[in-house]
Amino acid sequence: MNILVCIKQVPAKDAPLAIAGNWIKEADIGFEMNEPDSYALEEALRLKEKHGGEVIALSLGPERVKQTIKEALAKGADRGIHIADDNFAQLDPLGAAKVLAAAIGKEKIDLVLTGLQSDDHGFGQTGVLLAALLNLPHATIIMQIDVQDGKMKLKRELEAGWFQWMECPLPAVLSIQSGINKVRYATLKGIMAAKKKEIATVTRESLGVTVEPTQKIEKIYIPVKTKKTEFLTGTPKEAAAKLVEKLKFEARVI
Amino acid sequence: MKILVITEQRQGKWNNTSFETLVAAQQIAAAATATITAAVVGKSISALADELATKNVAEVFKVEHDLLDAYTPDGYCLALKQLIEAAKPEIVLFPHTYQVRDFAPKLAASLGKGMIGDCVGFRSEGAKLVFVRQMFQGKTAADVTFIGAAPWFVSFQSGAFRADQLAANAGGKAPVHPVAVNLSAADIRTKPLELFKEAKSAVDLTQAPLIVSIGRGIKAPENIAQAEALAKAMGAEIAASRPICDEGWLPMERQIGSSGQTVAPKLYLALGISGAIQHVVGMKGARTIVAVNKDQNAPIFEIADYGIVADIFEVMPALTEELQKAK
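Taken in sequence, the protein lines are chains A and B. Using our numbering, you'd call the opening residue of the first sequence number 3 and step up by one each time. Using our numbering, you'd call the opening residue of the second sequence number 433 and step up by one each time.
One thing to keep in mind: the hints can contain errors.
To be verified - Below 25 angstroms or equal to it, Euclidean Cα-Cα: the simulated DSS-like pairs (lysine-lysine) are:
| id | chain 1 | residue 1 | chain 2 | residue 2 |
| --- | --- | --- | --- | --- |
| 1 | B | K757 | A | K15 |
| 2 | B | K698 | A | K230 |
| 3 | A | K250 | B | K494 |
| 4 | B | K759 | A | K229 |
| 5 | B | K726 | A | K230 |
| 6 | A | K244 | B | K726 |
| 7 | A | K218 | B | K434 |
| 8 | A | K248 | B | K475 |
| 9 | A | K244 | B | K475 |
| 10 | B | K434 | A | K248 |
| 11 | B | K651 | B | K623 |
| 12 | A | K110 | A | K244 |
| 13 | A | K52 | B | K716 |
| 14 | B | K494 | A | K248 |
| 15 | A | K239 | B | K629 |
Because the hints were derived from the structure by calculation, they are not lab data.
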């Protein structure tokens, strides 16, 4: 079973964000594997361990995203594809999906996995759009995958504590819900082995894909506050004492 | 301009975010002079269509077919594509539900269009509609506009508009038009099976008057005891944001947010929770919200009544002590 995982590299969780127009200043901040995608990668590795085949890690972005591909290879992916694109942050969801689909279309794949959404743009559309563009069936927010006789039985999460079982043929595209599994760490052996693994580099041009934007992020900004927060200051002890006072006599909730 | 709102129902019951989306349509219509139409999709949906017709809409489309009884992305995309091609709306609005996330981007793509998803509001600037959504886990907002010709596809987040602001139909009842769609079983590639809930949990956080909730800031499972001690001193239940439950540090039944429980306690104390929207939708109805976070720009402070900008590991023991003293 050949599985391709789409992995995005995003600013590190604690990175201070400096806004620049409709994106952020990338200098001086750290980047990491988009957490939802790490669950998709883990699921791909587990399926491979069970059913054989290879796992391909695909990432779109500037040179820095190679580091995230290497991390995926160190965890056990067999090879990587880097779609080199310095302007990736300006792609809309459909545009990014078209570029990814063009690369995926050149591979022989049984299953494409994505995380649920990215921690930066947060569009949450990539998996569904890939299914549309590759003309494959899909399912999203998946909490369990059982492969039997060339098809999958899937557990899909719905809202408010509901779930649903469903069947989906292969090949297909699945968006994985965070928490489906426990993500592994790369071992030293894995890190050493990754050095010998191949990362192919392609571009929009080499893939022969052109995109027309359907939407534009005009600007990003710190949201306007809707509620006035009363900040309690002083040492932690002073702030705690003030808070208890407020909760008891002002909000009257304790 | 014509707005089409795609409502959501499952087994004859509304997803109430549908009515919030109708309020979004009502406000866009007021700002941009538009007519509001709405669609209901499924099988045996006449009663729902009639109910929808009593709301502030000019026309209701009843998209009914045996193959639309249970939701499938293939069935919904094919049926709604036919509706959109026939009704020719400029704007198609959806509630941003899990189901909409599952099919709406594909529906838009099947018409060669994009979708601006998970919006929290909009502005009308001259002839242009600007949609506001969040980025970077709620740390920033983004103004997004469409490029190219209509139809434009937009989904609105749960809670972005208030359903109780939806006006009734001025004429009493709008016309309901059945829409015939062509679907065959071969078009539908996935097969939905049974719906179920996991074993009912022992704790019902929705009934807890006081909740102490932890997020990533707790750092390690061994630190949870400090939060539990604080909860005990307060007489509160302990809860968490999704990442904590994903890690298995607390059971899933203690998770607050869009994929967990929605609570509205008297007091919600958020410790080391940044305030990503998936969490906030599950607790923003709390009467009093307190946030403790070392990052003063954390989005949780946008909805907090009281805030302490500090290390939770310094505040938790101090607060526990003060609560014990105050007893």
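Violated hints, by number in ascending order, as checked against the structure: 1, 3, 4, 8, 9, 10, 11, 12, 13, 14 and 15
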